[in-house]
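**Q** These protein sequence lines are chains A and B, in that order. The opening position of the first sequence corresponds to residue 1 in the working numbering, with each subsequent residue numbered one higher. The opening position of the second sequence corresponds to residue 1 in the working numbering, with each subsequent residue numbered one higher.
Fair warning: there could be bad hints in the mix.
Unchecked claim - Think about it this way: if two alpha-carbon atoms lie no more than 16 Å apart in a straight line, the pair counts; the simulated EDC-like pairs of lysine to aspartate or glutamate are: (1) 337(B) x 145(A); (2) 462(A) x 443(A); (3) 337(B) x 149(A); (4) 388(B) x 249(A); (5) 470(B) x 398(B); (6) 133(A) x 31(A); (7) 372(A) x 397(A); (8) 385(B) x 99(A); (9) 365(A) x 194(A); (10) 337(B) x 85(A).
Hints were generated in silico from the structure; no laboratory data involved.
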Amino acid sequence: MKYEPVIGLEVHAQLATRTKIFCGCSVSFGDEANSRTCPVCLGLPGALPVLNREAVEHAIRIALAVGCTVQERSRFLRKNYFYPDLPKGYQISQFQSNEEMPLATGGGIDIPSGNGTKTVRLIRIHMEEDAGKSIHDEAFVPDGESMVDVNRCGVPLIELVTEPDIASPDEAYHFMSRLRQLLTYTGVSEGDMEKGHIRIDANVSIRPVGTSGLGTKVEIKNMNSIRNCRRALELEIMRQIDSSETGGEIIQQTLLFDPDRSRLRPMRGKESSDDYRYFPEPDLVPVVVDPVWVNRVRATVPELPHARRARFASAYGLRADQIDTLIADRKVADYYEAVVSAGAEPAATANWVQGDVLRTLNERKIDIAELKATPEGLAALLEMIGAGTISANIARDVFAKMAETGASPEAVVERQGLAQISDASHIEGLVDKVIAEHTDVVDRYRSGDRKLLGFFMGQIMKATRGQANPKVANQLLRQKLEDGTARA
Amino acid sequence: MVAVYGKPLNERPAHELTASILSGKITSRQLVEAVFHCIRTTNPALNTYITLNETEAIRKAEEIDARVSAGDPVGPLAGIPVALKDLLCTRGLLTTAGSRILANFIPPYDATAVARLREADAVIIGKLNLDEFAMGSSNENSAYGPVRNPHDPTRVPGGSSGASAASVAANQTVLALGTDTGGSIRLPASFCGAVGLKPTYGRVSRYGLVAYASSLDQIGPVARNVRDAALLLNVIAGHDPRDSTSVDLPVPDYTAGLETGVAGLTIGLPAGYFGQGLDNEVRAAIIEGVGVLREAGAEIREVDLPVACHPAYSVAAYYIIATGEASSNLSRYDGIKYGSRAEGDDLIDMYCRTRSTGFGEEVKRRIMLGTYALSAGYYDAYYLKAQKVRTLIKRDFEGAFESCDLLAAPVSPTPAFRIGEKTRDPLQMYLSDIYTVSVNLAGIPGVSVPCGVSAEGLPIGLQLLGPAFKEDRLLRAAYVVEQELTR
Numbered sequence: 001m002k003y004e005p006v007i008g009l010e011v012h013a014q015l016a017t018r019t020k021i022f023c024g025c026s027v028s029f030g031d032e033a034n035s036r037t038c039p040v041c042l043g044l045p046g047a048l049p050v051l052n053r054e055a056v057e058h059a060i061r062i063a064l065a066v067g068c069t070v071q072e073r074s075r076f077l078r079k080n081y082f083y084p085d086l087p088k089g090y091q092i093s094q095f096q097s098n099e100e101m102p103l104a105t106g107g108g109i110d111i112p113s114g115n116g117t118k119t120v121r122l123i124r125i126h127m128e129e130d131a132g133k134s135i136h137d138e139a140f141v142p143d144g145e146s147m148v149d150v151n152r153c154g155v156p157l158i159e160l161v162t163e164p165d166i167a168s169p170d171e172a173y174h175f176m177s178r179l180r181q182l183l184t185y186t187g188v189s190e191g192d193m194e195k196g197h198i199r200i201d202a203n204v205s206i207r208p209v210g211t212s213g214l215g216t217k218v219e220i221k222n223m224n225s226i227r228n229c230r231r232a233l234e235l236e237i238m239r240q241i242d243s244s245e246t247g248g249e250i251i252q253q254t255l256l257f258d259p260d261r262s263r264l265r266p267m268r269g270k271e272s273s274d275d276y277r278y279f280p281e282p283d284l285v286p287v288v289v290d291p292v293w294v295n296r297v298r299a300t301v302p303e304l305p306h307a308r309r310a311r312f313a314s315a316y317g318l319r320a321d322q323i324d325t326l327i328a329d330r331k332v333a334d335y336y337e338a339v340v341s342a343g344a345e346p347a348a349t350a351n352w353v354q355g356d357v358l359r360t361l362n363e364r365k366i367d368i369a370e371l372k373a374t375p376e377g378l379a380a381l382l383e384m385i386g387a388g389t390i391s392a393n394i395a396r397d398v399f400a401k402m403a404e405t406g407a408s409p410e411a412v413v414e415r416q417g418l419a420q421i422s423d424a425s426h427i428e429g430l431v432d433k434v435i436a437e438h439t440d441v442v443d444r445y446r447s448g449d450r451k452l453l454g455f456f457m458g459q460i461m462k463a464t465r466g467q468a469n470p471k472v473a474n475q476l477l478r479q480k481l482e483d484g485t486a487r488a
Numbered sequence: 001m002v003a004v005y006g007k008p009l010n011e012r013p014a015h016e017l018t019a020s021i022l023s024g025k026i027t028s029r030q031l032v033e034a035v036f037h038c039i040r041t042t043n044p045a046l047n048t049y050i051t052l053n054e055t056e057a058i059r060k061a062e063e064i065d066a067r068v069s070a071g072d073p074v075g076p077l078a079g080i081p082v083a084l085k086d087l088l089c090t091r092g093l094l095t096t097a098g099s100r101i102l103a104n105f106i107p108p109y110d111a112t113a114v115a116r117l118r119e120a121d122a123v124i125i126g127k128l129n130l131d132e133f134a135m136g137s138s139n140e141n142s143a144y145g146p147v148r149n150p151h152d153p154t155r156v157p158g159g160s161s162g163a164s165a166a167s168v169a170a171n172q173t174v175l176a177l178g179t180d181t182g183g184s185i186r187l188p189a190s191f192c193g194a195v196g197l198k199p200t201y202g203r204v205s206r207y208g209l210v211a212y213a214s215s216l217d218q219i220g221p222v223a224r225n226v227r228d229a230a231l232l233l234n235v236i237a238g239h240d241p242r243d244s245t246s247v248d249l250p251v252p253d254y255t256a257g258l259e260t261g262v263a264g265l266t267i268g269l270p271a272g273y274f275g276q277g278l279d280n281e282v283r284a285a286i287i288e289g290v291g292v293l294r295e296a297g298a299e300i301r302e303v304d305l306p307v308a309c310h311p312a313y314s315v316a317a318y319y320i321i322a323t324g325e326a327s328s329n330l331s332r333y334d335g336i337k338y339g340s341r342a343e344g345d346d347l348i349d350m351y352c353r354t355r356s357t358g359f360g361e362e363v364k365r366r367i368m369l370g371t372y373a374l375s376a377g378y379y380d381a382y383y384l385k386a387q388k389v390r391t392l393i394k395r396d397f398e399g400a401f402e403s404c405d406l407l408a409a410p411v412s413p414t415p416a417f418r419i420g421e422k423t424r425d426p427l428q429m430y431l432s433d434i435y436t437v438s439v440n441l442a443g444i445p446g447v448s449v450p451c452g453v454s455a456e457g458l459p460i461g462l463q464l465l466g467p468a469f470k471e472d473r474l475l476r477a478a479y480v481v482e483q484e485l486t487r
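With the rest of the complex left out, here is chain A (with noise of 0.2 Å):
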């Protein structure tokens, strides 16, 4: 008996907005333990929420770009449970049922599958509080104790739900890539995988291939990367595979993912299922969003990873994994059309970007938005390598210090005599010279081992500290070394 994997994902997003959801608490990640507080995200006795408009836009816009439908009116419920990174008891949340409809509703997002592309459809998209974080490592907290941090109550979520249209672990991947890079090409979360941005929960089932129904599923929550998911997921069906076919059952549970030992296990104290006792959160008035205000926010909707690799294929000519790599971060798909349009040629300025952009971004640890080598610097660049001014070799060095100093390429060039060498008879100079001191190598150049032009280019860009043209430099060679005729 073959068997195929269901997969359905719930995934939280962080809203990279400036305050809470509700309250005017800074988000930030990483500060002392319980500084980032008031009253409300306290969970104080009489503190009230107050709904934060920037999260409602951001969770708009993520909406409109996965093409749901954003609801008119929606409103926020209570979800109630005990736990103490929970301070008020209760979760301000949305639901989705036959009275209560969350932000927005279906759309979906395209994922490479087979030959082809498929749709991953979606359920929903709602707005949630988050909660705190419990913290029961024995490294920081005696044992037995257990302490609670509530910078993170009420940092703004959404959360995104699936229709189980996902195949498999590798779609689940391809699902999570697009989704992370919509989230952030569209600015709507930070997407930092590592300060827990974004966190996956699957449901995942199996059932006989060509049948239609559905299995019982297990749930695997709080995977902190897109790896971890596709990994998880594939040995959970594994083992759901393993037990069909030896004759055992599958009980629904919840397991967690260890990474560490990249192993799942059932997570303690999880019942079937709780009862959250949802009712309409009486301290918040219902959202109301307006054709008006959708229309608004649809017009800050930037052009999407799918379209920009369309016009940057027709419009640049690039190869599709060159495309890829410019457009996989929007800020860097920004800063490469910068230089462009700032007169630079479109394949070079790939490789530049590619190459020694993304590689200074790597090394200093940093965001594009950081990077003191302005796009104008770059073009400028490309033109003076191009105008011959100086060679490729020398204008890496030169964008090197442009990023560390931020100075022009133009100032970098004069400040350090950088300029390329191209006078013929300089040139010529040197390469007389060259040839002078190495007559042996010279012969067994002649004598047809061509290779050693390289070390007579070596004594050359040596002789000019690298600023020779490199063209000139070896056509005079060339020429010098086979035609024999050298002033001595």
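Following the hints, put chain B in place on chain A, whose structure we already have.
**A** Just chain B now, with coordinates in the frame of chain A:
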């Protein structure tokens, strides 16, 4: 000390005292000292105050006096002692909600209503006893002991803002703030012979009010006369961006035009409120109060509000909605972050011990009721159904106000009952609220103004109800009754 003639300072109306302080005839310090003197002598018997703020109050009084002497501008309540139901958060001052579970809770912030009082230069003198978490109709459910009615210490002052009304009636303070979720200002005002007003839902900010039932709670003034209540309402009313349910409408001067009278107004008497169960003395006093309004030129007519004024529906809907919301609002008292904690063997044990020992019987009863009403399988039959009944109640009032400008009704079926008389049967206690709860469910404003006294000398209040945001009309009608009956 300057000799002061006439009534003791703490017994005078706020609207006279403000003028006297501004003119320098008296000082706020004298007034505040008179208040504390009264408290010292009467508090042991009445048990109205949980926390006193004497040092700070004297300091504030002296500051006001200095500013008045210097001719600097001061706020509309400058130097006036105000006491607060211990359900309003006061920065740096113990706030217990009448419960053991908050016995050590000192808020780091002021409720908006409190902040506005401070801006108006009122002198906050202390925190008043109450039914625990505002759950009660007699102020017998406090972890700090029951409050006694100043007119008869063997009787209850009403609840849950029992001490707010008792303290004002006993001249322990000039003004007080109470809260009303199902009648908790109006009932004690009636039992103690004070004026108590529940504003329209959304008129006064709930930010900083320890929540009982979020969709029903309102903070309101308790005073010895209508003008004082209006003065206090002026200060606390108004939109607050920190409260999403507060309404952005302008606040009129509620003291302006109080003498306008009621000529030409139509006042409706809901038939359902004058049936069985209404004590004869109360009925007589209400009729007398209504008679005053008729004499003053109002047209009185009978109206029918079949759902709103039907005790079975309104009380049931109230106790399901209020306890449902309360069960959620009180979840935060878990011993983790603030308040009392009882240690346990593990997390669940700690939760159970903390909440079992920290909450009183009535609070636990209502949490259980509310949890049940919200739980899976019962939500539709209880909470959802009650909300639908609530819509019908609201429509009944809207319908009545199409033909009437105000409604008049009793506040309570009886005058103040004896301490311990109704505590054996919670449902009996809940029936004290039959004339008051539908007002909160509909969100409309209501006031209780004294209109008579029983043969045993117990005060009886007349309840006036108005359309949303028509507190000015309510106060004018209450003023007519007061002026006529206290001449």
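**Q** Against this structure, judge whether each hint is valid.
**A** Cross-check of the supplied hints:
Of the pairs offered as hints, the one joining residue 337(B) and residue 145(A) holds, with about 15 Å between alpha carbons and a cut-off of 16 Å not exceeded. The hinted pair formed by residue 462(A) and residue 443(A) fails the criterion: a straight-line CA distance of about 21 Å is larger than 16 Å. A hinted pair counts as satisfied when its Cα atoms are at most 16 Å apart, and residue 337(B) with residue 149(A) qualifies at roughly 11 Å. Our distance criterion of 16 Å between C-alpha atoms is broken by residue 388(B) and residue 249(A), whose separation comes to about 45 Å.
In summary, the hint linking residue 470(B) to residue 398(B) is supported, as the alpha carbons are separated by about 13 Å, within the 16 Å threshold. Restraint check for residue 133(A) and residue 31(A): the C-alpha separation of about 13 Å stays at or below 16 Å, so the hint holds. Under the criterion of a C-alpha separation no larger than 16 Å, the hint pairing residue 372(A) with residue 397(A) is consistent with the structure, at around 15 Å. Only pairs whose Cα atoms come within 16 Å are accepted, and residue 385(B) paired with residue 99(A) is accepted, the gap being roughly 14 Å.
With a C-alpha separation of about 14 Å, the suggested pairing of residue 365(A) with residue 194(A) holds against the 16 Å cut-off. The hinted pair formed by residue 337(B) and residue 85(A) meets the criterion: a straight-line CA distance of about 10 Å does not exceed 16 Å.
The structure fails hints 2 and 4 (numbered hints given earlier, in ascending order).
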